[in-house]
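Residue numbers (the UniProt record's numbering), protein chains in the order written: chain A, 1 to 293; chain B, 1 to 450.
Please note that the accuracy of each hint is not assured.
Below 27 Å or equal to it, Euclidean Cα-Cα: the simulated DSSO-like pairs (lysine-lysine) are [as the list claims (entries may be wrong)]:
hint, chain 1, residue 1, chain 2, residue 2
1, B, K439, A, K54
2, B, K439, A, K66
3, A, K66, B, K429
4, B, K58, B, K352
5, B, K444, A, K47
6, B, K151, A, K47
Taking CB as the label site, the calculated pair distances span [unchecked claim]:
hint, chain 1, residue 1, chain 2, residue 2, range
7, B, A312, A, V57, 19 to 29 Å
8, B, S128, A, T46, 19 to 29 Å
9, B, K92, A, G142, 33 to 43 Å
Take a look, some chain B residues computed to stay more than 12 Å from chain A by CB distance [said to hold, decoys possible]:
hint, residue
10, E72
11, F102
12, P386
Rather than coming from a laboratory, the hints here were simulated on the basis of the structure. Even glycine gets a Cβ: it sits at the ideal position worked out from N, Cα and C.
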Amino acid sequence: MFLRNKIVSKLHNFMILPAFILFFIFFIYPLIKGIGLSLTDYDGMTKANFIGLKNFVDFFHDSRAKNDVINTVLFALGSAPLLNIFGFLYALLLDSKFKGKSIARTIIYLPAVVSPLIMGYIWYFILQPQRGFLFSTLARLGLDLTNFNWLGNRYMALWVIIVVNVWQFVGMTMVVYLAGLQSIPEEMHEAGKIDGATYWQRIRYIVLPMMIQPIKINVTTNIIGSLSVFEIIMALTDGGPGYSTESLSIYIMRMCYGSSTGYSTAVAIILFLIILLPVLISLKLMKSKEYDV
Amino acid sequence: MKKIISILLVIMTISLFTGCSTKEKDEAVDKTTVEEKNSTEDTDEAKPAAKDEVVHIKLFTGKVETVDLMNEIIDEFNGLHPNIVVEQEFQKDASNVIKVKFASDDVPDITTVVTQEYIDQGKYIDLSNEKWWDRIQPAIKDMCTDVKSGKQYRVASNMTMAGLFYNKAIFDELGIDEARTWKDFEGDLAKIKESKADVVPLFMAGKDSWTLGHLIEFVAHGVIKQTYGVTESKKAFLANDDSKLQFGAEGGPMDSFASVILSGKDKKLFNDDFLTATYDNQVEMFANGEAAIISQGMWALSNIIEKNPDMAEKIGFMPYPAITDSTEPVILSAEDSAYAITAATKHQKEAKEFLDYLFESKNLKKYSESIKSPCAFKDVDADWGPIKEQVNNALSNGVNIGFTNECPSGFSGDDAGRMVQELYAGQYKATIDFAKAYKEVWDKAWNASN
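One chain only, chain A, in its complex shape (with noise of 0.2 Å):
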């Protein structure tokens, strides 16, 4: 009676166990069998043979990959900060009273909710120099701009994606905003503005300091995503012209298709820990200045 007791009396701990397995099968399980194949020369078809670290040590020889690793770390150096500050800027201006908010944040979140996919080949279809729907307008208007190629410049094209990206994107950071700021009580504001405090000193005073949470949840999803980007460059440019807009993602794929499966396990662990790295750093650097309500 007392064993049944104390076992009814844990069962809730084994609520747990659905959510573990599941974390076990497409976490766990990958990563340690994506270890296992990086360190082998595992060509997707025949058996693998024990390469030790070589995979790892090509890596930093392969001048491809590092143009990918220095086009993944453009990328997010780009697309990061922006959506932090264009999203955290729509979210003051949409916390804001105005007539048609609720419009505004629709149309500000709408894109986010299309796949980076088809949202990177609307933008092709718009930017394409000679018979997109942007530059055959403004041509219509007598404004010739056909010769900006801007998709096709292997300096600009990255800087296209970065500014689509963070279109794309901005809506849902500026929602985690959004709902930081209406969490702050009215009562902070109302004290700031008795004491005197100008709109910008209550934003950087009062509301910035109690928006860590939301900072933390919006940098540490920018860092993954951009460093992870794949779809909209697939779209965009498919990477190119050459190899002057792919990402670490997409060079991951290619290895893969290219019969270099343990390889491309070996980056994809690579950029496993490029990815962990800032966030670490991010979270770390957040983690001191976190302040409860």
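We have chain A; now place chain B onto it with these hints.
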């Protein structure tokens, strides 16, 4: 309440596992039956299925142009063979998807995806002794022959050609003849540019890197293929014989190729959106008469005519002009729609039975006329297209070359096309830098797979 919910959740979890294990058990029983069934079958030549057993054959293809027609042929075949059910699976990215299929043991019985790598790995059965070969053009049989083993692991139903499609009306109007050297060709392009402001002289679809990869394959590798012939050049590619390939050499195939591309760019003989235009744009521009010339294969013909039926009378077809002094114009004349039976199939007999049906004259005629491509079988007289005469002329005016199926597996046609994108985007200071970079990438991929 909390306890009740906890108990329910645990019961659910346990029942989930029980369900899985039951299913596993069921599957295990099924698997055993299949394995037992297979173990009784001959491994080399599968025995016919039991009288009432229905055999399922999967045909895997990446040829979008033939999907509907094949479904029609398959339906007819299935109707005539109650014990065999052929199913077609189309994948746009078939050459990559099949790798996943091979890796996951989801191997189709028949496939149109055949590469040297898989032949070397024994993924297909030897079709050398099949009766079809007596009916097939000897040149096509040669192209279907594996250089390493001398055997045929695939059989092609058709031939395909690639070269330059041109607008005959524009050529006639400007008095332009088919050029034999690239220098003359540039002169013709310049003439079109001067006379027809709203027409692109040579329209390239650079966003789809495969179209640029084809340029390397036909124009640059064409120099090697015509210099050494089909078999010797195949051997040179397979052995990475630098004395013949000369990829990194000054004045070699890659250096000469880079020169003509950059020269065309400097003289603005291509479309301004060279790097962002797609294959669809290319077909559309040519069909609408807005592009005077495009580099494509016969596979584009049906799309062009579909977009503008009036174009059928205006399409000319010519070989690629020679890019070096010592060579001749080249035209791709290769096997197309090649079918192979996988070694993993348990239904070889039924798979061959389907190919027998597919290769019946009436089906091949239908096939050839549908994809507008000449039939590889000698006994089939198909009216396959409006440019039959032009193609015959091109074949007699240029050196016929085949596809380079002997590229290292880590360096695909797409990768080669990306290098052309880099060249056009100004990544290489000199044409020789492009040639050296090409050699470097080729060597790296070759070393990785040898």
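Point to revise | Structure-inconsistent hints, enumerated in ascending order | key: 7, 11
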